[in-house]
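J.: Residues per chain are reported as follows:
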Amino acid sequence: MEIMYVMIGLSLLMAIGFLVAFIWSIRSGQQDDLITPSMRILLEEKEYKNNK
Amino acid sequence: MVELENPLVETQTTCFHCGEICQDDIKHFDNKNFCCHGCEQVYQLLTDNALGEYYTCDINPGKSPSTQNFDFLNHSHFRDQLISFSNKGISKVHFHLPAIHCRSCLYLLENLCRIEPAVVKSNLNFGKKELTIWFNEEKIDLGSLASLLARLGYEPLIDSGEGQTQQKQRTSQQNQLFLKLGIAGFCAGNAMLFSFPEYLGIEAGSLKNLFGYINIVLGTVAVFYSGSEYFSNVWSHLKLKKLTIELPILLGILVGYLRSVYEVFSHTGAGYIDSVSGLLFFLLIGKWFQQKSFDFLSFERNYKAYFPLVISKLIQGKEQTCPLQEIEVGDHLIIRNQEIIPADALLIHGRSQMDYSFVTGESEYISLEPGNSMYAGGRHHGELIEIEIKKALNQSHLTQLWEQQAFKDPNHKTENWENFANKVGMYFTVILLSLAAVVGIYWFQHDPNKWQNAVVSVLVIACPCALAISYPFALGHGIRWMAKFNFFIKDIQAFERMSQVDTIVFDKTGTLTLHQDEKPIFHLIRDLSEWEYDTLFSMVNQSTHPLSRQLTKYLRSENLGKSISLDSIQEIPGKGIEGYREGMMFQIGHARFTGHSLIKEQDFIRSESQLFIRIGGERVGYIEFPWENRQGIEYMIHALQANYDVYLLSGDKQSHAGTLLDWFPDSSHYQFECSPMDKMAFIQYLQSQGKQVAMVGDGLNDAGALKQAHVGIAISEDHLHFTPSSDAILQGKQVVHLPIFFKFAKFGLQLIKASFLLSLVYNLFGLSYAVQGTLSPLIAAILMPVNSLSMLLIANIGMNLKGGSLKSYLENIKR
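Chains as they are written, first to last, in this note's numbering: chain A, 298 to 349; chain B, 61 to 875.
To be clear, the hints were calculated from the coordinates, so they are not data collected in a lab.
In this text, all values refer to a predicted model and were calculated from it rather than measured experimentally.
Label pairs and their calculated CB-CB ranges:
no., chain 1, residue 1, chain 2, residue 2, range
1, B, 228, A, 336, 20 to 26 Å
2, A, 327, B, 818, 37 to 43 Å
3, A, 327, B, 389, 50 to 56 Å
4, B, 794, A, 306, 55 to 61 Å
5, A, 339, B, 389, 53 to 59 Å
6, B, 777, A, 327, 34 to 40 Å
7, A, 336, B, 268, 50 to 56 Å
8, B, 259, A, 306, 19 to 25 Å
Simulated pairs of lysine to aspartate or glutamate, EDC-like, Cα-Cα distance not exceeding 16 Å:
no., chain 1, residue 1, chain 2, residue 2
9, B, 793, B, 694
10, B, 188, A, 330
11, B, 228, A, 330
12, B, 188, A, 329
Don't be surprised by glycine CBs; every beta carbon is placed ideally from N, CA and C.
Make a model of the complete structure from these sequences and hints.
T.: Spelled out as C-alpha cells, the structure:
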C-alpha cells in the first residue's frame, strides 16, 4: 500500500503542473486572441524570401 | 424554372482591388480594371513591394482608400492617448481598423514593415479588429502612419479614449474569470478523484484521512478563490436589503464546505467537497458563457463620439487645428462643407444649409444667414463658414440631454427591475430557510444526534444551482443566435428584458423610413421637351432644398436635362424656384406658389413631398417623392400589434409620414415634432403606466428614449456607424424581423422556467432523503452533477434547436 502515497503525490504533482501551465498561458496573454493565429498559419511567406 | 439572366451583369466590370462595380472612368493597369485612382495606387504600391499575394488570399479583398488627413494625431493630446509605450525611439500604438474583414487584410497589415521601413513590427487581433504597430517615431510620425493605413483602405477609427480603457478593463475581468474557472475545474476533478474510495466503499484506512485533508485544501481554494465573487455579491446585496438567487447558492456552498471540514477533522465522514467544488465549476462555466462580448461594437457611446475629434480654430486670423476639448466660449471656428457643429454657436460669415436630421429627426434643411444661431450636432452644407462659439461643449442644447438622470446613473435600467432568477430566488431563500429550521427543530426534539446532519443536507441539496446554470446558458445562447442575425445584444440581462416587453415605440426617420434617394413619380399632363427639362434641371440644380436635391440626382441619373444658363433665377424660401429663359417663366415648388389647386385634405398633407411645375401659364402637374418605408415594415407593424402596443414617435413633421399613419389605430399612438426630451418624457409616461417599453431608434435624437426604455434598440445600417448608447444594435435590414426576435427572447425565458420546474423535481427527490437525515455523500455527489448537467443540456439543446429553426425560416424568407 505504500506505493499509493508515491502515486498520489505524483498525480497531484502532474495535475499541479498542468494548472501552472494554464495560469501561465492566461498571464502571458495566450488566450487573448484565439482567432488570428489560426488564420496566420495559412499564409505563406515564400515569396518574400525568394525576393530577398 | 430557368431564370433569365440579367444581360446587364455581364457587361459590368468590377474593380480588381475592391470588387465594386466600376461606374465610369475605368482605370486600366497591368491588364486589370480599377474603379478609381485610389484603388489603382494601392495595387501599384502592393505589387511594388512584392505583396501581390494579397490578392490571392481572397477575391477582390481591398477597400477603396480614403484620403483623410490624420496630421492632427501628432498633437500631444492624441499622441499621449494612442501611444501606449515608447522607448529608445520605438513606440507602440494601437489602431482600431473597422475595415478588416478577411485573410488578405491580415496578410497585408502584418507585412506593413515592407511598405513602410520605419515600421518594426505589426500585429493584428482579428476579432477585435485592432492593429498593434511598433514603429520608429523618429522616421515616421503618428499622423503619417495613420494616413498610410487610410491610403491602403484601412482608415483608423480614433476613439475619444473612454472606449479603450473600458475594453482593457473587460479583458482583465475576462482573464480573472478564466483563471477562477480553471482552478475550480482543477479542484473539482481532483476532489472527485480523492473521494473515489468513499464512493466505492473501499476501506482505505489511514489513506482516508490523508485524502480528506487534501480535499479540504482543494475545497478551500475552490470556495474562497473561485467563488470569491459570490461572497462580495451577496454581501453588497444584503447591504441593500435584497435577497438574490446568489444567497441560497452561497449558503449551500458554505454549509457544505464547513460541514466537510468538520467531518474530516473529526474523522466522522468524508464531506461534500467534491460536490461543492463541482458545483462551483459548473456555475463558473455559466458565468463565462454568458459573457459574450462584441469587441467590435460599442454600446456605450455618447455624443462625444459623434462630434469631430479636431476642429479648425481661428487664432489671430490664422487657422489652427486643435482637439475638440480645447474650444472655449468666444472662439472662432472654421466649418467646411459636411462638417458638424461642435457646440451652440453664432454664424459670423457665410451662408449655411443646416441638416439637423440626426439630432432632431427633422428631414428638411434649415437656411441660416450671418447672425443666426446654430445648435450643436447640426451638419453644415454649403460654403466655408466662420462661427463663434456661444456655449461650452457640455452645456449646448443637444448635450443637455446627457445631463438627465437616466444618463448619470449607470444602474438606471436594473434598479427597478428584478429578473426572474432573483424574483424566484427571494421566495426560494425564504422557503428553504424555514424548511431547514423546521427540520432542525423536529430532529432536535426527536433525535438530537441527527439534527445537524439533516439541516446541512437540506441546505446543500436544495441549493437552486439549476437556475443559476440554465440561466446563463439559455440566455447566452440567445444572444449568440441573435448575433448571427445581425442583432447584437449587450448582455443577457438586456435579452431577458426583451422577453418582458409589452410596448414597442418606433422612431420614424432612419428607423421605419429610409433616407435613400427614391425614384420620384411623375404626375404630368404631358411629356416635357428636352428644352424644358434643361431649364428645370438648371433651376433645381442650384437649390439645396432636399426635394430639389433628390430631383437633381434623379434627372442626372436618367440623363434628363443638362445645365444651361438662364436669364434669371430666384429661390423663394418656403415656396419654390422661379426662373426665366427666353422670356418664358418657369416655376417649380409648392402648390400655392405655382397656383395648383388642392382639393382634399389628404392632398395638403401629401403636397409637402410634391414638387409642382408651371411653365408659362400652363400648370403641367407635379412630381411626387414618396417617403420610402423599409421593405416589410407594414407587415412587421401589424404582426407586432397582435401582441404589443405599438407607438410612433418622430421629430419630423406629420406631413412627412406618408402611408405610415394608416397602420396605427388612432392619433394617441403617434406623436410628431418631438424634441429628444419629448421622446424621453413619452417613454417615462408609458413606464409610469406600468408598461415595459422597448424603444427602437437610430439617431442622437433618440438617445434619451433609448436610455430611458427598458430595452433600447439602436438601428444601424452597418455596425461601423455611430449609434447612440443602447442595449442592442440591430442592422437596418433586419428591422422587419423584430417580431421573431422578441418571440425568441420569450422562448428563452420559457425554457428557463421549464428547466427550473425539472430541477425542483430533483430537489424534492434529494430533500426527501435530506429531511430524514439519511442523505449520504454518494447520493449528493450523483444528484448534484446530474441536476446541473441536465440543466446545461436542456438549455443548450433547446436554444440551439429553436435558433436553428429560426435560421432556416429566415433563409426561406430571403428566397
